[in-house]
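Asker: The lines below spell out each chain.
Protein chains: 2
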Amino acid sequence: MTRTEDTIRIGLLGAGSVGAQVARTLVEEREMISARVGTPVRLVGVAVRDPEAPRDWRIPGELLTTDAEALVDQADVIVELIGGLEPAAGLIDRALRRGAAVVTGNKALLATRGAELNAVAAEHGGVLRYEASVGGAIPILRPIEESLSGDRVVKVMGIVNGTTNYILDQMDSTGAAFDDALAEAQRLGFAEADPTSDVAGRDAAAKAAILSTLAFHAPYSLDDVHCEGITEVTQEDIEAAAMSGYVIKLLAIAEKQTEGAVLRVHPTLLPRTHPLASVRGAFNAVFVVAENAGELMFYGQGAGGRPTSSAIMGDLVAVARRLRAPLAESPTISSEVQLPALPIEKATTQYYIDMDVADREGVIAEIAHVLAEHHVSIESMRQPGVVTTEGEVEDSDNGAKVQIVTHLAREKDLQETVDALHALDVVKTVNSVLRVEVEK
Amino acid sequence: MTRTEDTIRIGLLGAGSVGAQVARTLVEEREMISARVGTPVRLVGVAVRDPEAPRDWRIPGELLTTDAEALVDQADVIVELIGGLEPAAGLIDRALRRGAAVVTGNKALLATRGAELNAVAAEHGGVLRYEASVGGAIPILRPIEESLSGDRVVKVMGIVNGTTNYILDQMDSTGAAFDDALAEAQRLGFAEADPTSDVAGRDAAAKAAILSTLAFHAPYSLDDVHCEGITEVTQEDIEAAAMSGYVIKLLAIAEKQTEGAVLRVHPTLLPRTHPLASVRGAFNAVFVVAENAGELMFYGQGAGGRPTSSAIMGDLVAVARRLRAPLAESPTISSEVQLPALPIEKATTQYYIDMDVADREGVIAEIAHVLAEHHVSIESMRQPGVVTTEGEVEDSDNGAKVQIVTHLAREKDLQETVDALHALDVVKTVNSVLRVEVEK
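These protein sequences, in sequence, are chains W and D. Sequence positions in the first sequence follow our numbering and run 118 to 557. Sequence positions in the second sequence follow our numbering and run 118 to 557.
Since the hints were made in silico from the structure, they are not lab data. As the structure is a computational prediction, the values presented were derived from the model and not from experiment. Errors might be hidden in some of the hints.
Put simply, identical chains are the same to the list, so a pair is met inside one copy or across any two.
[Claimed, not checked] Below, a list of computed lysine to aspartate or glutamate pairs in the EDC-like style, where the Cα atoms sit at most 16 Å apart:
| # | residue 1 | residue 2 |
| --- | --- | --- |
| 1 | Lys518 | Glu356 |
| 2 | Lys463 | Asp473 |
| 3 | Lys463 | Glu376 |
| 4 | Lys373 | Glu462 |
| 5 | Lys529 | Asp167 |
| 6 | Lys529 | Asp210 |
| 7 | Lys545 | Glu179 |
| 8 | Lys529 | Glu462 |
| 9 | Lys518 | Glu353 |
| 10 | Lys518 | Asp530 |
| 11 | Lys373 | Glu453 |
| 12 | Lys518 | Glu301 |
| 13 | Lys272 | Glu412 |
| 14 | Lys545 | Glu240 |
| 15 | Lys272 | Glu345 |
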């Protein structure tokens with residue numbers, strides 16, 4: 118294992134779906150990650166129970182080890198993705214006592230022993246980051262901890278468990294019974310073989326404890342969270358709720374009161390117009406209300422190897438930047454190859470074209486021909502009737518309207534198309550050319 | 118001006134709507150802010166042009182000064198809220214050369230001279246933070262810069278100008294013409310007396326440049342952004358778009374291509390089902406798509422004194438924490454009075470109660486009486502007909518269903534209410550008791 122003084126050594130504990138993605142990024146994207154940190158980073162080892170086990174990404178054999186403690190003792194940043202209480206807790210404790218940085222997504226551990234581990238970190242100069250423990254890829258802990266650090270959070274309310282959201286969503290949208298929706302979630306990989314922790318609300322309760330600790334600046338644990346799962350939610354409940362305009366969601370809620378904070382996880386009726394009501398499938402979303410900021414919402418993928426690995430890598434780069442240069446701010450501009458700004462002619466998007474045309478045979482064919490000539494294809498076309506001031510559709514002699522939405526096209530081609538349309542005899546005026554974004 | 122060695126001195130430049138809120142927070146919430154930082158902070162001065170001008174919050178006279186340079190030279194953290202290019206740029210440059218930390222919301226300055234100021238900061242050990250420059254209260258720059266630092270952003274797409282969003286929203290929902298919607302926005306304070314920068318898209322373009330720089334790790338400026346405003350959007354465009362299922366929004370879009378990045382601001386057709394389509398009035402929202410994280414959305418108040426002051430204060434606390442202890446992580450638990458976790462009985466929420474009752478006169482009165490006795494008031498009540506398996510509503514002899522949604526009530530009162538309902542002769546079964554969240 119080579120090592121130069123300024124290389125930051127990363128040790129990875131666990132290589133499940135998230136761990137395999139983290140390993141892949143650290144190996145395949147090593148140059149990008151090093152540029153973002155400002156100094157070389159190197160994955161020095163991956164501790165696993167069984168080096169032969171199949172993985173989502175094939176980790177180079179020389180990185181695999183079964184000696185987690187030895188790996189912890191030689192890395193600057195330890196990424197813990199074993200999950201559960203032990204041996205994860207012991208390894209994290211060991212790393213923090215060495216003054217190392219630890220990045221983890223272990224919500225069960227943080228919700229039960231977070232205060233203790235944070236104290237160990239503070240005492241020994243270690244660093245503990247855990248963005249991936251709540252909301253998967255969604256940046257939610259850092260915004261609460263840093264962006265809202267000068268404000269007073271009064272309420273946090275979120276859909277933080279994708280399994281239960283998927284099940285409730287299926288029950289609501291397809292009329293499925295709980296057991297059938299759960300079986301479908303298991304088939305699709307949205308629920309584990311033993312779904313107890315999810316459906317009983319314990320996973321959401323752990324996340325509620327973590328969110329509350331950061332939001333209210335006081336140490337809360339799983340025991341402080343009132344927890345009801347979704348096992349007793351019936352199809353009848355969902356139908357009755359729907360008839361009154363509600364949808365049932367499993368929410369984690371942390372609410373500040375004068376004398377304390379109430380932390381609770383339970384099935385909740387939400388009006389269908391509520392922004393959280395439209396969070397579908399395995400997505401997560403967290404509402405935060407703060408005194409000055411008002412209402413904020415954070416939305417994204419709450420689970421899965423790749424999304425969760427994004428949060429892990431964000432913490433990893435952030436702590437590595439500070440190991441490199443504690444006083445410096447994050448480098449705004451990294452040493453990666455810089456993407457030049459391109460002129461608008463290079464934009465690729467869909468377009469909407471509204472024009473007045475002569476009302477005679479062959480007009481559409483002429484227009485379609487012009488578009489085809491310029492490599493612009495048509496997604497949809499409308500010829501709305503001309504509406505008179507009396508609201509009647511008039512079969513006008515003098516002209517008609519054509520509205521076209523194109524497929525993805527180059528701005529340059531579009532501009533040439535519009536020029537050519539202007540030049541057509543059958544086109545009286547091009548009223549509007551607007552860009553369309555269909556994808557997010 | 119007293120000063121102890123470990124007190125962090127804050128100098129505020131400008132006392133408009135945001136500045137006045139920042140001053141208020143620093144004075145009225147000094148204890149909380151100091152606890153969050155981990156060391157005392159003190160507002161040592163507020164530089165203004167006219168000390169006599171009326172302000173949203175009355176700044177103590179002894180803090181006011183007209184000598185901005187002298188204030189810059191004696192503060193550890195300078196909060197620049199003057200806006201515009203000069204004298205803001207000169208004062209920020211002066212502070213950074215002293216190695217001080219600067220917090221600003223000055224998007225026009227950052228979009229034109231951001232790269233230069235970041236370079237000055239890097240050279241002299243200064244710090245430059247500007248979360249408030251995009252999206253008001255929404256934490257968006259820090260998530261992109263830090264949380265996504267180990268991922269590859271491929272697209273950023275946002276509603277980042279509240280004035281134009283309000284105008285387009287009014288045109289869409291009320292059928293107002295552009296001029297009337299603008300006048301209404303001005304009357305309500307959503308648009309400035311001179312709205313040119315907003316309606317021409319320049320404000321959004323400045324934000325696009327800032328977002329792109331952080332998302333793509335390369336220095337972009339206002340000149341790199343293709344910019345079209347909303348002045349040419351007609352009521353006819355909006356109606357035609359609506360007829361095809363679209364809504365028109367002014368979007369700032371930064372998109373990565375193989376050979377570069379296209380940065381653009383223009384009116385855009387969005388399907389009404391798109392999450393950005395439902396962002397109403399003066400709210401802002403930013404979509405971010407990254408390779409591993411997938412789709413993320415950030416939503417909140419994009420402007421206003423209090424929301425924007427939240428972002429300024431977040432940056433201020435974050436930089437002050439690092440001045441105090443560069444190596445330490447942010448304190449998870451601050452020395453504020455800690456809110457104890459309360460038992461669920463202390464929760465206050467609305468409730469939904471579904472029960473089967475005897476179908477005879479006086480049942481509703483008996484139930485209502487029980488609720489009133491326990492200080493639980495009724496928001497709505499339904500008696501859905503009993504539906505047979507043939508789908509017909511049956512006028513059943515043997516019973517009926519009652520569904521109640523209460524107003525806000527204490528969990529303890531609710532539990533006692535449910536016990537009392539169980540004990541009523543006329544109540545056959547209480548099928549479901551679920552909590553309801555109507556507010557965000």
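Asker: If a hint holds in the structure, say so; if it doesn't, say that too.
Answerer: Taking the hints in turn, this is what the structure says about them:
| no. | hint | in the structure |
| --- | --- | --- |
| 1 | Lys518 x Glu356 | between (45 Å within a copy, 14 Å between copies) |
| 2 | Lys463 x Asp473 | neither (28 Å within a copy, 65 Å between copies) |
| 3 | Lys463 x Glu376 | between (58 Å within a copy, 10 Å between copies) |
| 4 | Lys373 x Glu462 | between (52 Å within a copy, 14 Å between copies) |
| 5 | Lys529 x Asp167 | neither (55 Å within a copy, 51 Å between copies) |
| 6 | Lys529 x Asp210 | neither (59 Å within a copy, 41 Å between copies) |
| 7 | Lys545 x Glu179 | neither (71 Å within a copy, 68 Å between copies) |
| 8 | Lys529 x Glu462 | within (5 Å within a copy, 64 Å between copies) |
| 9 | Lys518 x Glu353 | between (50 Å within a copy, 12 Å between copies) |
| 10 | Lys518 x Asp530 | neither (22 Å within a copy, 63 Å between copies) |
| 11 | Lys373 x Glu453 | between (44 Å within a copy, 14 Å between copies) |
| 12 | Lys518 x Glu301 | neither (48 Å within a copy, 32 Å between copies) |
| 13 | Lys272 x Glu412 | within (9 Å within a copy, 25 Å between copies) |
| 14 | Lys545 x Glu240 | neither (77 Å within a copy, 60 Å between copies) |
| 15 | Lys272 x Glu345 | neither (19 Å within a copy, 39 Å between copies) |
Hint compliance for this structure: hints 2, 5, 6, 7, 10, 12, 14 and 15 are not met, and every other hint is.
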